[in-house]
Amino acid sequence: MIVMNTTLHDLGINSGDVYLLMSYLLAAIFFVVGLKLMSHPETARKGNFYAAGGMGLAMVTTLFLYRTPAGHTIPTLNVIVILAAIAVGSVLGVVIARKIKMTAMPQLVSFFNATGGAASALVALMEYSNPANESAVVTLLGLVIGTIAFSGSMIAYGKLDGKVGDIFAKWTTWFNLFLLALIAGLMIYMLAFPHDMATGTKLSYILLVLALIYGVMFVMPIGGADMPVVISLLNSLTGIAAAMAGFIYNNQAMILGGIFVGSAGGILTLLMCKAMNRSLLNVIIGAFGGGGAGVNKEHGAVKEISLSDAAVLLAYSQKVVIVPGYGLAVAQAQFVANELVQLLESKGVEVKFAIHPVAGRMPGHMNVLLAEADVPYTKLVEMDDINPDMPNTDVTIVVGANDVVNPAALDDPSSPIYGMPIIHAHESKNIIVMKRGMGKGYAGIENFLFFNDKTRMLFGNAKDTLQKLVSEIKEL
Amino acid sequence: MEQFLVYFYENKEMIFIITLSIFLGLEVISNVPSVLHTPLMSGANAISGVIIIGGIILLGSTDLTKFSLNMVLGILAVIFATLNVVGGFVVTDRMLEMFKKKKK
Numbered sequence: 089m090i091v092m093n094t095t096l097h098d099l100g101i102n103s104g105d106v107y108l109l110m111s112y113l114l115a116a117i118f119f120v121v122g123l124k125l126m127s128h129p130e131t132a133r134k135g136n137f138y139a140a141g142g143m144g145l146a147m148v149t150t151l152f153l154y155r156t157p158a159g160h161t162i163p164t165l166n167v168i169v170i171l172a173a174i175a176v177g178s179v180l181g182v183v184i185a186r187k188i189k190m191t192a193m194p195q196l197v198s199f200f201n202a203t204g205g206a207a208s209a210l211v212a213l214m215e216y217s218n219p220a221n222e223s224a225v226v227t228l229l230g231l232v233i234g235t236i237a238f239s240g241s242m243i244a245y246g247k248l249d250g251k252v253g254d255i256f257a258k259w260t261t262w263f264n265l266f267l268l269a270l271i272a273g274l275m276i277y278m279l280a281f282p283h284d285m286a287t288g289t290k291l292s293y294i295l296l297v298l299a300l301i302y303g304v305m306f307v308m309p310i311g312g313a314d315m316p317v318v319i320s321l322l323n324s325l326t327g328i329a330a331a332m333a334g335f336i337y338n339n340q341a342m343i344l345g346g347i348f349v350g351s352a353g354g355i356l357t358l359l360m361c362k363a364m365n366r367s368l369l370n371v372i373i374g375a376f377g378g379g380g381a382g383v384n385k386e387h388g389a390v391k392e393i394s395l396s397d398a399a400v401l402l403a404y405s406q407k408v409v410i411v412p413g414y415g416l417a418v419a420q421a422q423f424v425a426n427e428l429v430q431l432l433e434s435k436g437v438e439v440k441f442a443i444h445p446v447a448g449r450m451p452g453h454m455n456v457l458l459a460e461a462d463v464p465y466t467k468l469v470e471m472d473d474i475n476p477d478m479p480n481t482d483v484t485i486v487v488g489a490n491d492v493v494n495p496a497a498l499d500d501p502s503s504p505i506y507g508m509p510i511i512h513a514h515e516s517k518n519i520i521v522m523k524r525g526m527g528k529g530y531a532g533i534e535n536f537l538f539f540n541d542k543t544r545m546l547f548g549n550a551k552d553t554l555q556k557l558v559s560e561i562k563e564l
Numbered sequence: 005m006e007q008f009l010v011y012f013y014e015n016k017e018m019i020f021i022i023t024l025s026i027f028l029g030l031e032v033i034s035n036v037p038s039v040l041h042t043p044l045m046s047g048a049n050a051i052s053g054v055i056i057i058g059g060i061i062l063l064g065s066t067d068l069t070k071f072s073l074n075m076v077l078g079i080l081a082v083i084f085a086t087l088n089v090v091g092g093f094v095v096t097d098r099m100l101e102m103f104k105k106k107k108k
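Chains as they are written, first to last, in my numbering: chain A, 89 to 564; chain B, 5 to 108.
Be aware that a few hints might be false.
[Stated by the list, open to error] Residues on chain A that point at chain B, a partial pick, calculated with CB under 8 Å:
1) L99
2) G100
3) S103
4) G104
5) V120
6) A140
7) A330
8) G353
9) I355
10) I372
11) H453
12) E460
No lab work stands behind these hints: they were computed from the structure.
C-beta: ideal position from N, C-alpha, C; glycine also.
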């Protein structure tokens with residue numbers, strides 16, 4: 089039965105407490121609507137503002153309306169210190185985010201994810217030695233998950249930035265399982281057996297160190313090509329860690345936001361695995377590449393093409409498809425690529441970009457890079473949509489891509505990439521491959537497309553080659 | 005079993021919220037064109053900085069009148085979380101700005 093004349097005072101709360109809750113509800117709505125809007129190109133930017141607005145709202149109301157269990161709001165001194173810390177973080181964040189090059193975007197996301205994980209771990213670490221905190225289970229989970237997200241993201245950042253190499257040995261899998269068992273065992277021990285505060289604090293530091301090592305060892309053996317999946321997974325972990333911290337404070341904004349992002353990151357991870365036709369377990373346990381039996385097969389010689397021949401071939405084609413890869417990104421060739429597209433279109437050629445789901449270093453990374461160069465996103469066609477059209481394509485230009493056009497993925501069961509969906513470049517009438525040299529792709533395997541009778545090679549840096557090609561076409 | 009039932013009953017609201025949030029996350033993401041995967045990942049990453057609320061609560065409840073380890077760690081936690089939030093949203097906006105520019 090609802091008693092209408094209950095007062096806030098009867099409930100032991102004041103109006104500020106209710107406003108705080110309402111602001112959390114509003115923030116949660118902003119998060120969900122924001123992410124929803126971000127799933128469409130037209131509304132994406134607005135969605136990001138919504139999500140940021142929700143976060144800002146929750147931060148401000150927490151700062152001024154939150155009441156400690158003792159019943160008073162945050163003291164003025166603390167408010168000043170918190171605002172100062174936020175100011176430092178904001179300035180650093182804006183400067184780093186604005187200065188970074190677009191090609192370095194994936195490692196930046198990984199770095200920001202690491203800072204979020206670190207924050208969760210720190211909050212959990214301090215709350216564990218807080219006698220007033222009664223939720224030991226979520227505190228320990230938050231500590232372990234946040235720490236793994238932190239150290240794992242830092243290694244992923246290092247790998248993408250070329251600072252950390254791949255280390256893979258048979259023992260790493262077993263070592264990691266052992267480490268995980270050790271972490272679980274220690275957590276159970278800490279929860280099941282009572283111990284005094286000093287011992288507990290020591291144990292929590294041991295747990296922190298173990299989780300740090302696990303995060304490093306977890307990401308270390310995973311090949312660079314799989315980093316997008318790993319970052320997405322770690323992103324999901326950071327969300328879960330934040331939710332765990334939310335349980336400590338019984339804070340709805342943290343729980344909702346954390347779980348929501350955790351599940352969104354989780355599904356994104358699975359979507360990426362699906363794009364590569366691999367299971368998540370396979371990504372985590374099996375290192376990619378390393379060369380299978382298919383490497384030593386007989387193959388013919390590659391045939392080169394001159395710039396002028398390539399220019400004529402392109403200018404008199406009807407349909408041209410460009411398959412961009414990471415080589416285009418590192419050479420910063422996306423601007424020249426767009427110039428080529430506009431030039432060809434002025435000559436009546438229909439040009440499209442074929443985007444493999446894992447082109448670049450992150451799903452959608454290539455789209456961002458091409459968008460930076462003013463390529464309209466309507467020109468970017470996804471793999472599944474362009475493949476049926478490949479046999480009608482006059483020329484396919486492969487720029488700095490390799491594994492995503494390797495036909496071995498379709499017909500060579502011994503190849504490590506067998507089963508990965510590819511762009512069917514080999515089905516088009518002519519193929520021009522722009523490459524720096526005959527080096528192997530990220531997965532370290534031979535590409536038989538290069539030895540195809542219809543394929544012609546254009547060796548050199550992607551940007552220089554495209555630039556020369558553009559001037560050749562202009563002179564026609 | 006008895007204990008589990010009690011736990012479920014006592015935390016029923018939370019269990020409902022969590023379960024529905026999981027489905028919400030799955031639902032929002034599953035229909036996204038891969039064009040937007042990177043910005044979306046970046047945006048989700050920024051939202052996972054919601055731990056900033058925890059940082060504010062923690063630092064807000066710490067006695068700052070005298071120097072302590074908790075004070076240092078608390079300040080670090082707030083700085084790190086802000087980096088995640090602000091950096092995350094700014095970098096996402098930078099990515100999305102490019103999509104916008106396109107539409108003359």
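Structure-based check of all given hints:
1. L99: Violated - the Cβ of L99 of chain A stays beyond 8 Å from chain B, reaching only about 16 Å at its closest.
2. G100: violated, 19 Å
3. S103: violated, 19 Å
4. G104: For G104 of chain A, the interface hint is violated, since the closest Cβ of chain B sits about 14 Å away, which is over 8 Å.
5. V120: Status holds, d = 6 Å.
6. A140: Nearest chain B Cβ about 4 Å off; hint holds.
7. A330: Nearest chain B Cβ about 4 Å off; hint holds.
8. G353: Hint on G353 of chain A: holds, closest Cβ of chain B at ~6 Å, below 8 Å.
9. I355: Hint on I355 of chain A: holds, closest Cβ of chain B at ~5 Å, below 8 Å.
10. I372: violated, 18 Å
11. H453: holds, 5 Å
12. E460: Holds, about 5 Å.
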